[in-house]
Amino acid sequence: MSALRFQRDINRFIEKTYARLETLTENVHQHVGRSIRFGSSVTGAPGQPVRSGQLLASWREYRSGSSRGWRSSLRYARYIEDNLRGMTLRSKVGGFHSVKLTRAGYKSIVRHELNNLGPSGAGIVFDRKVGRYRTPTGQFTKRPR
Amino acid sequence: MMNTSEAVSVLRERLLATVVATTGVTTLGSNLNGFVRLDGSFLADGFRVGMEVQPSGFVDNEPTVIEWLDDTTMVVSTELTAEVAAAGRSLTVGIPSIRSWDNIEVDLVEGLWHVEEDFIPGPKSKATLSMRGQIHHQPMYVLRLYGIAGTGVDALYRVGDAILSQFAPGSALPMSDGSALRVSTEMAPFYGQITYYENQPVLTITIPLWKRTHNPI
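As they're listed, the protein sequences go chains U and P. Just so we're aligned: 94 in the working numbering is position 82 of the first sequence, and the numbers increase by one with no gaps anywhere. Just so we're aligned: 637 in the working numbering is position 180 of the second sequence, and the numbers increase by one with no gaps anywhere.
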């Protein structure tokens, strides 16, 4: 093997590793959003209660540089999160403390998404520029499961 | 599996052992407005305006709230019976006297603190590689402290700090099966910013926990 070819292989390996890291980061971010909004068996979070849908819709993702997260600007989102004054849940879905449970289960989310990124998801990467997943041949595809 | 009701009991027991400030058993007197002492200092003992204080050894031993204090005088929010200084009395700030435990209704009293709890059993996962293995439980204990409006942050944060010191990361709460419910180190207990519910300041304290049990397969 020539030094040039070895260098090329290493570069390709680095490129793939970064791409997979980006995919993992994006998948974890999406899982965090699902856990807060709809609940997750990985974190045990119940998700947001739904009556009018206003609270659920208020949860938006934000991205700034390499960081990303989820936030709600609705005043009563905090009351629901902390269950202030032992609120009565009038929704058939969701519950309280979803953000806390998601934060506490963050490592479990990363472990879960890392497992999902295994052989079946191999080669599928998240393209940040267009915000979609691509196959190794460059075609758009669904999020790997 | 985890004995959830016992877990809640041991958490409450640990919580109720919290002492924020105390005079210890000493010589104290009272007048219509509050309490007085000849020796020692209320401030040095950790008392602050807005805290709910529990008297002991007086004629009036109902909890009351500190409205003003210096080293030797403590003015409280309720009218007291005047008593000359005598030994064997104490003033203690601990967990508020009104406690809204899960699924138990309480009558709130305006002008007094109260505390609410939520025990969240949390997710479970199989933790070890053997066929049966162990179950890793990740419960969470959430407390909400409702303080007194207009008294600043000192009282709420000091009570919050005292509670957090009861649940230090990695500390164990022994259970009857010989195991322990442990305070998480991965995500240590914390409180958030003070929020307001109907103008009453609230401090939410989150205590993440974990416990391992045998898989009953």
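Check each hint, because a few of them may be wrong.
Unchecked claim - Calculated lysine-lysine pairs in the DSS-like style (CA-CA distance at most 25 angstroms, straight line):
| # | chain 1 | residue 1 | chain 2 | residue 2 |
| --- | --- | --- | --- | --- |
| 1 | U | LYS28 | U | LYS154 |
| 2 | U | LYS119 | P | LYS583 |
| 3 | U | LYS28 | U | LYS119 |
| 4 | U | LYS28 | U | LYS141 |
| 5 | U | LYS104 | U | LYS119 |
| 6 | U | LYS104 | P | LYS581 |
| 7 | P | LYS581 | U | LYS119 |
Keep in mind the hints are simulated off the structure, nothing from the lab.
Do the hints match the structure? See the list:
1. U/LYS28 - U/LYS154: holds (19 angstroms)
2. U/LYS119 - P/LYS583: Holds, because 15 angstroms separates the two Cα atoms, which is no more than 25 angstroms.
3. U/LYS28 - U/LYS119: holds (23 angstroms)
4. U/LYS28 - U/LYS141: Measuring from Cα to Cα gives roughly 16 angstroms; hence the hint holds.
5. U/LYS104 - U/LYS119: violated (28 angstroms)
6. U/LYS104 - P/LYS581: holds (23 angstroms)
7. P/LYS581 - U/LYS119: Holds: P/LYS581 and U/LYS119 sit about 13 angstroms apart, inside 25 angstroms.
Violation of the numbered hints given earlier is confined to hint 5; every other hint is satisfied by the structure.
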